[in-house]
Structure formats: C-alpha cells, structure tokens
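Asker: Sequence:
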Amino acid sequence: MTKLKAVIPVAGLGMRMLPATKAIPKEMLPIVDKPLIQYIVNECVAAGINEIILVTHSSKNAIENHFDTSFELEAMLEARVKRQLLDEVQSITPKGVTLMHIRQGQPKGLGHAVLCAKPLVGDSPFVVLLPDVLLDDAQADLSKDNLPHMIARFEQTGLSQVLVQAADEHVLHDYSVVECETDTLKPGETSRMTSIIEKPGLDVQLKSNYSAVGRYVLGADIWPILEKTEPGAWGRVQLTDAIAELLRQQPVEATELVGQSFNCGEKNGLFTRICHLRFTPPDPGQGVPRVGRAAGTLITLFWRNME
142 MTKLKAVIPV AGLGMRMLPA TKAIPKEMLP IVDKPLIQYI VNECVAAGIN EIILVTHSSK
202 NAIENHFDTS FELEAMLEAR VKRQLLDEVQ SITPKGVTLM HIRQGQPKGL GHAVLCAKPL
262 VGDSPFVVLL PDVLLDDAQA DLSKDNLPHM IARFEQTGLS QVLVQAADEH VLHDYSVVEC
322 ETDTLKPGET SRMTSIIEKP GLDVQLKSNY SAVGRYVLGA DIWPILEKTE PGAWGRVQLT
382 DAIAELLRQQ PVEATELVGQ SFNCGEKNGL FTRICHLRFT PPDPGQGVPR VGRAAGTLIT
442 LFWRNME
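Position one of the sequence shown corresponds to residue 142 (our numbering), numbered consecutively onward.
Mixed in with the good hints there might be a few duds.
Stated by the list, open to error - Per label pair, the in silico range of CB-to-CB distance:
no.: 1; residue 1: GLU310; residue 2: ALA161; range: 23 to 33 Å
no.: 2; residue 1: LYS327; residue 2: GLN231; range: 33 to 43 Å
no.: 3; residue 1: LYS236; residue 2: ALA279; range: 19 to 29 Å
Derived from the structure by calculation, the hints contain no laboratory data. Glycine included, every Cβ here is placed at the ideal spot set by N, Cα and C.
Work out the full structure: start from the sequences and follow the hints.
Answerer: Here is the structure:
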C-alpha cells in the first residue's frame, strides 16, 4: 500500500458548536472519553498512515498538547498503579506515528488550509480527512474499508478518490454534491465522477443525491490547481472547486461509504454519534461502563425515539 501523508485541517473556529467552542477547539470536544481529533488520528493509523499533518491555528494549542507527552501525568499514573489508564494515555500517539503542525494564518477556506500543508507534503499525493466527520467503526473495518480502500484504488489506478454517501434531498444543499457515471452505488463500490459542486444553491436542479463525506485521496496534480483556485462559496478557497477543475483535466473516482458517517461539527450530529457509540462492558451485566447505567439507558431511549 502506498505510504501517503494525511492532512487534517483543524484551524476552523467551530462556530456551529458555540458556546461550547468558545474556549475549547471543536476538535477537542469529547465523544465520551476521547476527543474528536483522536478518532480521526486513529482512523489514519488503522489505514496504515504514519505521517499526519495538522493544519492548525493559534487558538488550537489544546490539540498539540493532547498529542504531546505528559510526563507528570504518566508518572502519577505509574505511581498509583493505574496501568490501564497509563496505557490509554501513552497510546494517544501510537509508536511510529509522527504528527506535524503547520499554521493557517488566515481563514481562507478548506482549499487554502490544504495548500498550507504543501511544504510538509511536498509534490506528492496525499490524504485529506475532515476532523468533524467521524466514521462508525462498528459498521466498517477501518483497516480495509473506506479510506484504505480508496488508497488501494489510488495505488491501482493513479486516480484521485472521493468518499461519498447518499443524502436526503433537503440537506444536499449544505454539502459538496457529487454526480457519478453510476446512478446507484453499493457500499464499497467505485464509479467515475462526472461533476462535483460545493453547496449548490436551492435553485440548482440536482441530478444526484450523493454528497462528499470528508475523505479524499488526492494526486499531486491537485497542487497547481489549488494554487490557482479563486475564492468561491462563502468567499473561501474551496477544495471542491479544485477537485472540479481536476475532474475537467482527468478522471476522478467516487467510492460509496461503508457504514455510517456522523457530522460532529454540529450539535445533532455530535449527540447522534454518542448515541451510536458501541460500549463494551468489562464483564457481562455491567451495563455501560464509561458513562454509567443511567446515562447509557438515557442514550438508548433517546436513540430509539430518534428512529
């Protein structure tokens, strides 16, 4: 499998999650006992990626601190014989994995954030993961489905890859909409794309119900395109616009998501992810150990009502 570097843009201010994100980066919001960004890094590691670039902002020091070594904490856990907690803390950054940080000085959009990582990526292909989109590891094997599958397809074909899923028509206008040669894809199936558009207006007649899921494998040909991409939707440099231009120059493939995704950049998506989280009790009959029986029951009842 090709060894690619991963780019994770974490410079956004998380305004949709205010007031929770006033003093805490949205990427550090917890899904029970792990922050969002930890799940994204774990997904990279499961896909065989060991060089990860965080495109960050001056207000995001908590993210860097999370992945740094805490000697005092580890010494205290060691002294108190908290072996399990010590192992969990030490595994936050797995051995053999390098995390790099680079600043996005101005909020110029996702495309600009990705371009900020070029000095660390070089003129090479790379992977992009959006940190507020989590994939359910209970419904998919993150070591072979979705991102690893896309990397394998890229290695086989040399074509850039976009992960997609079917979305309800009334929410499509909030996402990047993808049209494919194949109208209906099964989970894990791949088709060549025919178009991609960023947050189409309500007056745009859409021919597809596929939206991009926040996972991309991009060839080096995207770099000169990103450098020339003008601000688009919301006055920002959009990665979608660069991919659309790449699509005019060469084929790009879309892969249907295996499992389920959660948009944790908004409140309902974050809570829905918590509701879906699979808890493994240490012993039969122990209930939900991380959040307690009462909270676990509440989450279960909430999710049943949502369905």
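Asker: Decide, hint by hint, whether the structure agrees.
Answerer: Hints versus structure:
no.: 1; hint: GLU310 with ALA161: 23 to 33 Å; verdict: holds, 30 Å
no.: 2; hint: LYS327 with GLN231: 33 to 43 Å; verdict: holds, 40 Å
no.: 3; hint: LYS236 with ALA279: 19 to 29 Å; verdict: holds, 26 Å
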